[in-house]
Amino acid sequence: MAEKLVGKDFTPVDVVAKVTGRAKYAEDFRAERMAFCKTLSSPIPHARIRNIDVSAATKVPGFLGILTADDVPQFPPPQPPILTKDEVLYVGHPILAVAAESEAAAAEAIEAIKIDFQQLPHVTDPLESLFPGGPNARSNGNVAAAQINLQTLKWEAADFAAAGDDKLPAGKPAEEWKYGDVDEGFKAAKLVIDESFVAGGFPHHSMETRSAFAYWEGSKCFLHGSNQSHTSAVPNISRFIGIPPEDLVFIAEFCGGGFGSKIPGYPNMAIAALMSKKIGRPVMHRISRAEEYAIGSARPSFQGRLKLGFAADGKILAADLYVVQETGPHQGAGDFRSAGNCLSMLYQPAAMRYRAVPVLTNTPPTGPQRGPGENQFVPIIEPIMDKVARELKVDRVAIRKINAPDSSSKIGSDRGPLTSAFIKEALDQGATMFNWEQKKARSGQRNGNKITGVGVGQGYHSAGSNGFDGLLRITPDGKLHVHTGVGNLGTYSHSATARVAAELLNYNWDNAIIERGDSRRGLPWNSNQAGSLTASTQSRTMFVAATDMKAKLLDIAAQMLGGAAADYDLGDEKVVSKADASKSITYAEAAKKAMELGGKYTGKEVPNDINPVTKHGVTMIAGTGLIAVAKDNLPRVGITPGLTVSFAEVELDTETGKVNIKEMLCVADCGTVLHPLGLGHQIAGGNVMGIGLAHLERHVYDPKLGIPTTQSIEQSKPPTYLDVPAEIGWGAVDKPDPQNPVGVKGVGEPVQGSGAAAITSAIADALGGHLFNRTPVSLDMILNHLNKRPQAHKPLQINTV
Amino acid sequence: MPERNQAPPCEHDHNGGSPKDSSPTPQSLRATRREFIKSVIASGVAVSAAGYVVVGRGGEAFAQSAGTVTRLVTLNVNGRDRPVDVLPNETLIHTLRYKLGLTGTKLGCDHAECGNCTVMLNDVASYSCTTLTHAVRGRKIVTIEGIEGPNGELHPVQKAMVQELGPQCGFCTPGQVVSAVALLKHNPKPTVEEARVAMSGNLCRCGAYDHYLKAVMRAAREA
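Residue numbers (the working numbering), protein chains in the order written: chain A, 1 to 801; chain B, 1001 to 1223.
Note that these hints are calculated values from the structure, not bench results. No false leads were mixed into what you were given.
Computed, partial: chain B to chain A, Cβ under 10 Å:
#1 R1097
#2 Y1098
#3 K1106
#4 G1108
#5 D1110
#6 T1173
#7 D1210
What you are looking at is a predicted structure, and each value in this text was computed from that prediction instead of being measured. C-beta atoms are modelled at their ideal positions from N, C-alpha and C, and glycine is treated no differently.
Make the full structure from the sequences, and use the hints.
Spelled out as structure tokens, the structure:
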């Protein structure tokens, strides 16, 4: 029999390409007569374009063509445009593109273009925009999000006066919900806290910028892009280009980091494609680091207020959360909404009210970044939970367990169910691994100029979806081709989930081939590689496709050897008679027979309920072997939560403010472990990003000029080798989720949140429970606090150093 | 419409295939990087109704200058002498990626911040984005493509990176591999702390540092 694959380590095939430099990313492709393209973008945060004079540019030697907003598809605001037409909304907003024989000539031509801007008032702070008479980031409004129409919303001056400088005013929200009796909960509470906070935004800064390379063959557009998803991005990218999805050949075998910034395709991808069409040559559009900062997305900042009422044992009786989100100039993501759900999920308040307003700002467009919303929120609330635990004399892990969900818990305003939740078990396992009982005695211990702090943080993100398609093929050589439409973000889940199909079909892993990364390979409709979705969602599609494949294999055996399908079972890459083991056909023989039979056996006929993208993919491989294709119609009721817990011990230097992380570990509740090495990798990497979120990374804007000062990597400061522990420990609860056929849940997002929260919790612990109520907790904030100096920022100020 | 034969090389190759010399040579190089933003800062600032004409923000092109002539030089790359036309202020990464077809070396920031572009110059790890090509004539240049053995066998660092699952997205990996190889040339048995410091010029946004470090230590043990 074939080996068991699920839960075992393996070497993903693409790792060799990565360590040898043979892995090709978008900017690594070349073509004869390739032209270069560069964009001209706005140098000012908000202005009306009165006139563009390109006459001098067209005379630059090597000039080939210009693409303006008039040449590209238009989308209703506040969706981001490919090129902006009348109004620029942030520094770096693309206005037009120039193609030339060389990149230098394109830049030369861009330098010769004159634009007449009428400067408009700009805003980088949402509270300024909400103030009566305050500036709007765009001429048609200052508030928008998915399910919140673009509108102008102003608070009353009295709201600001009532709150004072230290508290977030609570003006009219753009959305709100509540459950339970919140007022009654606060009345019954033994302890009530009311904290205003700022969670800082920062750029994604994926190492690979979003360069794109495109050319055409007739009506077909070939696009090499950097994208974390594959088939789910195709409809969107083709919409940006303005062609039917079946005319787009999307090639993206590797993606140099996305973290949420490259989920379903993005407008910038269309520039290379449309320029190539316009000038009739292949076009390379290389994106510089500064351009990536501007268009590469960012985590939005929050200005918020959190009121919690506790019973004597630490249980939260009432919660009231208000989030103001700095969204950037376009629609942005629903981080604010996720923060509310996160509070209701992780701490299960008996009653809760949530209010939020997403405010448009003249800062770079924001979007989802790893745990969008949850990961801003947990590093703020967890030190607050610590403070309450101290006041109520409850252990800090215990107060989290008292409030933690289990599998019968509910989430959000509609009190929806969960598929499974084992965070209490993760807290116990983490506390044992970390030796919490002994370590917590070190809180605040001084050794010369060093103070020790220990922290614990939790993370949550929904981690599973359903309804996508599975596609498998056995070719006449007996090989299993696993067609997968997910991307290659670096989680190796494209392969880890493929092993579910291989295991169910008794395949040796060496005989499985993963088909992915290129539309021409015949790829099914699969989920975004985002939101901790792939492991759970894709194991389901593999299960349904393998079930279809097994049925077809048994059926073919019965046709070839007689009897009924039920008389056969799967052996080691062969179908064997249950009654007589000498009667069998190999998978290779079954594939050859399938090609004689045709119809549903070779993809000539497909189920009606599969997605049109899958149907199109099947046409490319129909007739080449035994094909199984099915939609995931398996039941899934409720939210599938990915949950993590991180522990950290830090040593804080009172002279320099430096936070030395001495130990860090993280335990995940992600259902059945699919690929231990890959899981450990995601956990460690996520915690590293959490360290950045907690005390390093930030956006800084000059509030007067609206100009970014953290465009380069060093300025926004993601963690380096020297900022993180040499090793990050990890564990997994490894309890199966009952609503996934192999028990899997995802976990990519919450690991960053719990890691960040463990660090803010540990820093607060080292400082005797002092609450900064702000991320990142920078070195100078720590030094100012230790030296009893005022902080450089005002209480609710954002985008500060 | 472009002809069919314009399809780029290697696009069917699942694992990337070998690099090919196919890149067009840019016509010109420019002396300084453009920083259009300056014109804005200089042109006044506060919110005002006054319109004004400024040039846009063009991003950054490779350092190039119109009308400058190239000079044919010979570079020793991965043990081979490679003649190549080089502009006076051309950076090494540009020469490698766009003239010699060696796209394994990645450009992450172009500002000596991230280390994605790391190559070895006479066995010393160096950022090729801020190294002038003319400055490395006569030096031994080794890129990621030159790390494997003569018969394509993986270097011990590469083997260890595979075994420890070093990369996540993989974009910074060529630079990490080259830095690790350079480290082990000078210090074959580093401590974890020494390895951490030696590798600290190579950023990884995925945060794969501990897996990379484990790979470096494994390579040191097993080499």
